[in-house]
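**Student:** Chain residues, written in single-letter form:
Number of protein chains: 4
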Amino acid sequence: MIENIKYGVIGLGFFGEKHVEVLSDMPGITLAAVCTRRPHRLKEIAGRFNLRKTYTDYKDLLADAEIEAVSIVTHVNDHREIAVEALKAGKHVFLEKPMAGTVEDCEVIVGAAKAARGNFMVGHICRFDPRVSLAKAAIDEGRIGRIVSMHATRNLPANVSAGVLDKISPLMGDGIHDTDLMLWFTGSKVKTVYAQNVRVRDFKNPDIGWAMYRFENDAVGVIETAWYLPDNTPFTIDARMEIIGTEGAIYIDCGNTGLTINDCAGIHKPDTVYWPDLLGKRVGVLRNELSYFGDCIKEGKSPDMITPEESKTAVAVICAAEQSAETGEVVKL
Amino acid sequence: MIENIKYGVIGLGFFGEKHVEVLSDMPGITLAAVCTRRPHRLKEIAGRFNLRKTYTDYKDLLADAEIEAVSIVTHVNDHREIAVEALKAGKHVFLEKPMAGTVEDCEVIVGAAKAARGNFMVGHICRFDPRVSLAKAAIDEGRIGRIVSMHATRNLPANVSAGVLDKISPLMGDGIHDTDLMLWFTGSKVKTVYAQNVRVRDFKNPDIGWAMYRFENDAVGVIETAWYLPDNTPFTIDARMEIIGTEGAIYIDCGNTGLTINDCAGIHKPDTVYWPDLLGKRVGVLRNELSYFGDCIKEGKSPDMITPEESKTAVAVICAAEQSAETGEVVKL
Amino acid sequence: MIENIKYGVIGLGFFGEKHVEVLSDMPGITLAAVCTRRPHRLKEIAGRFNLRKTYTDYKDLLADAEIEAVSIVTHVNDHREIAVEALKAGKHVFLEKPMAGTVEDCEVIVGAAKAARGNFMVGHICRFDPRVSLAKAAIDEGRIGRIVSMHATRNLPANVSAGVLDKISPLMGDGIHDTDLMLWFTGSKVKTVYAQNVRVRDFKNPDIGWAMYRFENDAVGVIETAWYLPDNTPFTIDARMEIIGTEGAIYIDCGNTGLTINDCAGIHKPDTVYWPDLLGKRVGVLRNELSYFGDCIKEGKSPDMITPEESKTAVAVICAAEQSAETGEVVKL
Amino acid sequence: MIENIKYGVIGLGFFGEKHVEVLSDMPGITLAAVCTRRPHRLKEIAGRFNLRKTYTDYKDLLADAEIEAVSIVTHVNDHREIAVEALKAGKHVFLEKPMAGTVEDCEVIVGAAKAARGNFMVGHICRFDPRVSLAKAAIDEGRIGRIVSMHATRNLPANVSAGVLDKISPLMGDGIHDTDLMLWFTGSKVKTVYAQNVRVRDFKNPDIGWAMYRFENDAVGVIETAWYLPDNTPFTIDARMEIIGTEGAIYIDCGNTGLTINDCAGIHKPDTVYWPDLLGKRVGVLRNELSYFGDCIKEGKSPDMITPEESKTAVAVICAAEQSAETGEVVKL
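Sequence lines, in order, name chains A, B, C and D.
Converting from the first sequence to this note's numbering requires adding 29 to each position, the first position being numbered 1.
Converting from the second sequence to this note's numbering requires adding 29 to each position, the first position being numbered 1.
Converting from the third sequence to this note's numbering requires adding 29 to each position, the first position being numbered 1.
Converting from the fourth sequence to this note's numbering requires adding 29 to each position, the first position being numbered 1.
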């Protein structure tokens with residue numbers, strides 16, 4: 030068993046920083062290197078976590094033989110290139126979701142993952158959320174029968190999405206989560222996709238995306254990603270899912286986090302689940318996920334909670350939704 | 030001012046009975062006659078409310094010169110015939126929703142209403158729900174800006190819908206409410222409609238209907254009518270609406286009625302809003318609505334809370350949804 | 030049957046105005062007179078509702094032989110004098126809660142009500158709330174068995190209570206509601222009372238009151254009245270009650286009103302139940318209550334939904350709580 | 030830094046088993062021994078986790094020089110003896126809450142902890158719940174000003190408490206949590222205590238306990254522990270806390286766990302926070318807590334998240350509540 034994995038993080042935006050925070054005190058892992066093109070940010074993060082190895086070019090980090098595993102937390106458009114090179118360099122690769130922005134890119138990555146000797150896993154974080162995994166367990170036990178209707182909401186305040194909408198669309202950025210979960214829950218495939226986007230502001234991507242799926246098992250699944258909630262929305266994310274089966278129903282509500290703080294600045298429902306701070310330590314779902322990734326490396330087993338093929342399929346469905354939204358037509362898969 | 034309206038109710042199913050209960054003790058109205066084809070039911074209701082005039086043929090009730098106003102609470106397929114005759118007979122006519130099952134029937138009814146000297150109104154009860162009307166007021170005051178995204182849920186337990194699905198579909202039976210409200214809230218028109226139905230049981234109509242609308246003002250509206258919730262669902266109806274605007278958002282939740290009773294038979298959230306019993310009197314939204322209809326007659330003014338044209342438009346949109354669900358194609362209006 | 034009750038309202042503060050709004054369009058009632066010591070306010074209200082008879086001295090209104098019924102909506106300290114005189118003048122009297130501020134005053138009023146020929150009723154509005162009356166019905170049907178524990182919350186934002194705390198305490202002003210409901214639900218009596226007040230601001234009364242009751246049937250009931258919620262609290266009132274019985278439990282939540290409006294000024298959950306505006310008409314619980322009072326007069330029957338003795342008992346329990354809070358000792362009743 | 034702590038668990042009831050499940054796969058800890066007086070249970074647990082060292086007498090486990098740290102998860106009455114001996118034996122000691130059943134026992138344990146060279150910590154698990162610790166952080170930042178009123182609920186279904194009520198009372202078993210949190214949040218002391226118990230069934234302890242505290246900082250705190258909810262209560266625990274301050278308010282809701290499963294057997298809100306299963310691993314708050322205890326040992330620092338004195342104080346307040354409930358009098362501390 031590997032006792033101590035030397036780990037690097039590529040990409041130090043908001044979420045790359047979360048990776049660093051979680052990995053920096055994870056038993057069995059030594060966070061050894063970080064990489065971003067922005068020297069100032071690199072210095073800030075390296076200083077805060079007392080990291081010796083810093084890189085502005087990811088290729089240099091990948092060339093570092095000491096590094097055994099990496100998190101890739103960059104813009105989605107860079108995923109293909111970096112993931113493929115990291116796999117070729119023999120690293121264990123944790124790639125943030127979505128796998129890539131196109132099906133073609135996904136296929137290249139899937140191929141590279143198959144050929145690689147290191148582990149590969151895309152960060153479908155929701156599968157590591159106990160609310161979701163207990164729902165999955167209940168479904169697999171047959172407690173709600175066959176799934177016939179699903180609705181997923183994953184809405185963000187407008188001020189949060191403002192920094193993201195030039196990089197990714199709501200459907201690709203958040204709809205990917207629920208698309209993956211719907212595929213996972215039903216164990217079925219999407220037959221047809223219809224979608225609509227709404228543009229409110231002048232970003233590269235529309236502010237709001239809706240998609241309606243028909244599954245091969247006859248279920249309907251509807252995806253709602255409105256990245257334009259009022260700025261004073263109390264929750265950091267309004268994420269809910271309703272799953273109706275022939276024998277029962279399941280309701281997941283990730284927006285109500287069990288904590289409401291009403292101070293003179295407004296009403297806040299801070300994250301208590303995904304990566305809350307506890308005594309200076311990031312606990313919660315992201316830790317569960319990265320801990321799982323680390324455990325797989327230590328135990329020398331391949332991560333099977335989510336396969337590369339599954340990650341690709343979710344992207345393919347979202348791409349069909351993007352196409353439908355653009356053409357106004359139903360897309361058949 | 031008319032002091033005392035002589036009133037008749039045609040159709041004595043579940044909801045006809047609710048009309049009778051509300052009208053039987055409404056000040057300024059004398060419930061004078063009831064009508065159903067089922068003699069046993071006629072006797073039961075007439076006996077309970079001590080009503081002298083009973084009819085098994087609605088034509089006889091309409092021929093009764095004493096009756097000034099009627100509620101038509103029959104199957105939707107009978108709406109056209111009865112409504113047109115009632116209007117021709119000079120009665121004030123309250124017609125339950127939906128106006129009719131086809132646009133053609135709606136047009137005939139709208140024509141008859143225009144030609145009639147009596148008042149005419151379709152029972153879009155939700156407009157008389159304070160939760161809804163206060164939302165409408167907030168929208169009209171500009172408090173949430175321009176509407177960009179809406180989602181409406183109106184789901185029923187499977188045991189409740191079992192008695193209804195041979196008569197009407199979820200979209201036509203319940204989606205009509207939210208379609209009307211979306212048209213009312215946006216003040217816009219539906220441009221395109223896409224819909225999906227799911228059939229679970231062997232009724233004439235599918236158990237679940239979903240529709241996605243694109244409005245002329247660019248908003249997206251999504252309608253969910255899953256008439257297949259588990260039988261032990263605690264609420265009588267899971268009715269919710271989310272309205273996202275450029276300056277704010279509104280959430281209506283009609284399922285959480287403020288009362289949860291957990292007895293040994295399960296968890297119940299009884300209706301406290303639509304037509305709850307209070308001291309043997311039906312209060313709530315249905316009373317508000319019928320009281321408004323009566324007030325218009327008394328004051329000699331035409332009901333303007335909902336026009337026949339609006340009722341027809343909602344039916345036209347639902348018919349387009351039914352067509353889309355059947356063909357799998359997007360329908361343009 | 031009396032067809033048209035001539036009605037007067039004494040006291041035109043916030044709630045007196047609500048009475049006027051409800052009574053002004055109530056069938057079978059003619060709002061004929063209003064009274065307040067403040068001439069400017071008198072003119073404003075009379076003008077708005079086109080009322081001919083206005084009084085600055087309630088004695089003059091009581092001397093008006095045309096007036097058959099009155100609402101007394103004044104400060105609690107004036108209740109005894111005005112109610113007794115109104116009853117002596119032969120009017121039907123609707124007195125706002127609490128009946129009076131002392132048990133002695135209550136006894137005088139109860140005596141006057143017994144001796145009077147007119148109806149008398151104290152406005153325990155919650156009994157006319159369907160959420161509450163359906164809970165009472167479930168309890169009476171034995172659905173939750175014998176009650177063993179109750180907790181009632183009735184909390185107000187600090188900016189709302191600021192205008193009230195010089196007139197009445199939280200326990201007397203709001204705790205009276207839940208004390209009455211606990212007595213009604215259990216059908217028992219309070220044996221011992223312990224209470225604590227907390228003073229935050231410099232008003233005549235403390236901002237927060239808590240009381241713990243032991244009932245003769247062995248149940249514990251706890252009353253929470255914190256009139257010091259943050260000003261940006263979304264609900265107009267945070268009113269909840271939990272009733273645990275040997276066979277089940279009931280939860281009433283009057284704060285979640287089914288409507289959330291998130292505009293740029295904050296999050297609001299407006300009243301949709303007590304006296305919401307619908308098409309320019311005040312509907313809801315206050316209308317239910319005043320309608321009941323009017324119906325009793327019309328039908329020549331005495332109001333039995335709440336008796337004067339019951340109103341007095343609730344005041345007696347609250348007075349014991351006030352005494353306990355002052356002395357720090359348990360008070361036996 | 031200690032790399033691998035040899036750990037033993039004493040007591041293998043419901044919660045001892047949870048300790049075993051969490052510790053069995055915790056990095057840096059080797060679960061080496063378990064102990065219970067029940068041979069059958071010992072065999073079951075040891076077999077499931079493949080544990081070599083098993084003991085029926087805790088003294089033998091404590092005599093095992095290899096064991097460096099222990100969890101004591103026995104009946105509260107055994108805490109004093111076992112904890113003192115474990116400390117004397119030089120072990121690091123994690124003692125489940127409450128510290129002990131009497132103040133005298135607590136004092137002995139505190140003394141032993143002071144004299145010991147090993148770490149000592151009582152398992153006040155709630156302090157390791159992100160919902161709670163984020164609330165504490167907000168309070169410490171002054172976001173809600175000075176605390177003036179608190180209400181804590183920690184209610185259990187009757188079928189869950191049936192197995193516990195002969196061992197511990199609701200106030201001592203669950204009220205201890207919220208008493209500790211109120212002391213922690215206010216940073217103040219309890220001055221007076223008043224409490225009431227309600228007995229429903231024939232167990233050694235009453236089914237329901239209520240307590241009202243007055244703090245030195247003038248706040249009121251009310252504790253509700255009704256271990257008699259209906260068996261079909263959807264949540265495993267109805268745990269809520271309301272904290273009202275001069276500048277804001279905080280609401281913690283641990284009952285709504287974000288997951289509702291409605292299958293044909295009823296409505297369930299399973300635990301997703303305290304110790305949910307994720308991929309065969311117990312994650313959540315208990316893991317956070319034991320991980321903290323382990324980290325302190327590894328880093329050679331004393332646990333300061335909760336001190337022995339604090340654990341003792343919470344017990345002292347609960348003992349005062351038990352005394353008040355018995356005598357009916359207010360107890361001064």
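Don't read these hints as lab results, they were simulated from the structure.
Computed from a prediction, not measured in an experiment: that's the story for all the values here.
All residues carry an ideal CB built from backbone N, CA and C; glycine is no exception.
Treat the hints with care, as some may be off.
[Said to hold, decoys possible] The calculated DSS-like cross-link candidates involving lysine-lysine, where the alpha carbons are at most 27 Å apart (straight line), are: (1) A:K310 x D:K233; (2) C:K298 x B:K298; (3) D:K165 x A:K327; (4) C:K35 x B:K47; (5) D:K82 x A:K298; (6) A:K298 x D:K327; (7) A:K47 x D:K165; (8) C:K220 x D:K327; (9) A:K327 x D:K47; (10) D:K47 x C:K220; (11) A:K35 x D:K47; (12) C:K47 x B:K310; (13) D:K220 x A:K310; (14) B:K327 x C:K220; (15) A:K310 x D:K82; (16) B:K47 x C:K310; (17) C:K310 x B:K310.
[What the hints assert, rightly or not] Simulated restraints on C-beta separations: (18) D:T356 x C:H104: 39 to 49 Å; (19) B:N246 x C:N106: 48 to 58 Å; (20) D:E358 x A:K165: 45 to 55 Å; (21) D:E358 x C:N106: 44 to 54 Å; (22) C:R66 x B:N246: 50 to 60 Å; (23) B:F78 x D:A191: 46 to 56 Å; (24) B:F78 x A:E170: 42 to 52 Å; (25) C:N79 x B:C293: 52 to 62 Å; (26) B:F43 x C:K233: 22 to 32 Å; (27) D:F43 x C:N188: 45 to 55 Å.
**Student:** Now tell me if each hint is right for this structure.
**Tutor:** Results of checking the hints against the structure:
1. A:K310 x D:K233: 42 Å, violated
2. C:K298 x B:K298: 20 Å, holds
3. D:K165 x A:K327: 36 Å, violated
4. C:K35 x B:K47: 32 Å, violated
5. D:K82 x A:K298: It is violated: about 46 Å lies between the C-alpha atoms, which goes past 27 Å.
6. A:K298 x D:K327: At roughly 34 Å apart (the allowed maximum being 27 Å), D:K327 and A:K298 break the hint.
7. A:K47 x D:K165: Holds, at roughly 22 Å.
8. C:K220 x D:K327: 57 Å, violated
9. A:K327 x D:K47: 24 Å, holds
10. D:K47 x C:K220: 44 Å, violated
11. A:K35 x D:K47: 32 Å, violated
12. C:K47 x B:K310: The given pair, whose Cα atoms are some 23 Å apart, holds under the 27 Å limit.
13. D:K220 x A:K310: 35 Å, violated
14. B:K327 x C:K220: 54 Å, violated
15. A:K310 x D:K82: 33 Å, violated
16. B:K47 x C:K310: It holds: about 23 Å lies between the C-alpha atoms, which stays within 27 Å.
17. C:K310 x B:K310: 20 Å, holds
18. D:T356 x C:H104: 39 to 49 Å: The hint (39 to 49 Å, Cβ to Cβ) holds, given that D:T356 and C:H104 are roughly 40 Å apart.
19. B:N246 x C:N106: 48 to 58 Å: 56 Å, holds
20. D:E358 x A:K165: 45 to 55 Å: At roughly 54 Å between Cβ atoms, A:K165 and D:E358 fall inside 45 to 55 Å, so the hint holds.
21. D:E358 x C:N106: 44 to 54 Å: 34 Å, violated
22. C:R66 x B:N246: 50 to 60 Å: 52 Å, holds
23. B:F78 x D:A191: 46 to 56 Å: 50 Å, holds
24. B:F78 x A:E170: 42 to 52 Å: Given a distance of about 51 Å, which is inside 42 to 52 Å, the answer is holds.
25. C:N79 x B:C293: 52 to 62 Å: At roughly 55 Å between Cβ atoms, B:C293 and C:N79 fall inside 52 to 62 Å, so the hint holds.
26. B:F43 x C:K233: 22 to 32 Å: 54 Å, violated
27. D:F43 x C:N188: 45 to 55 Å: 48 Å, holds
Hint compliance for this structure: hints 1, 3, 4, 5, 6, 8, 10, 11, 13, 14, 15, 21 and 26 are broken, all remaining hints hold.
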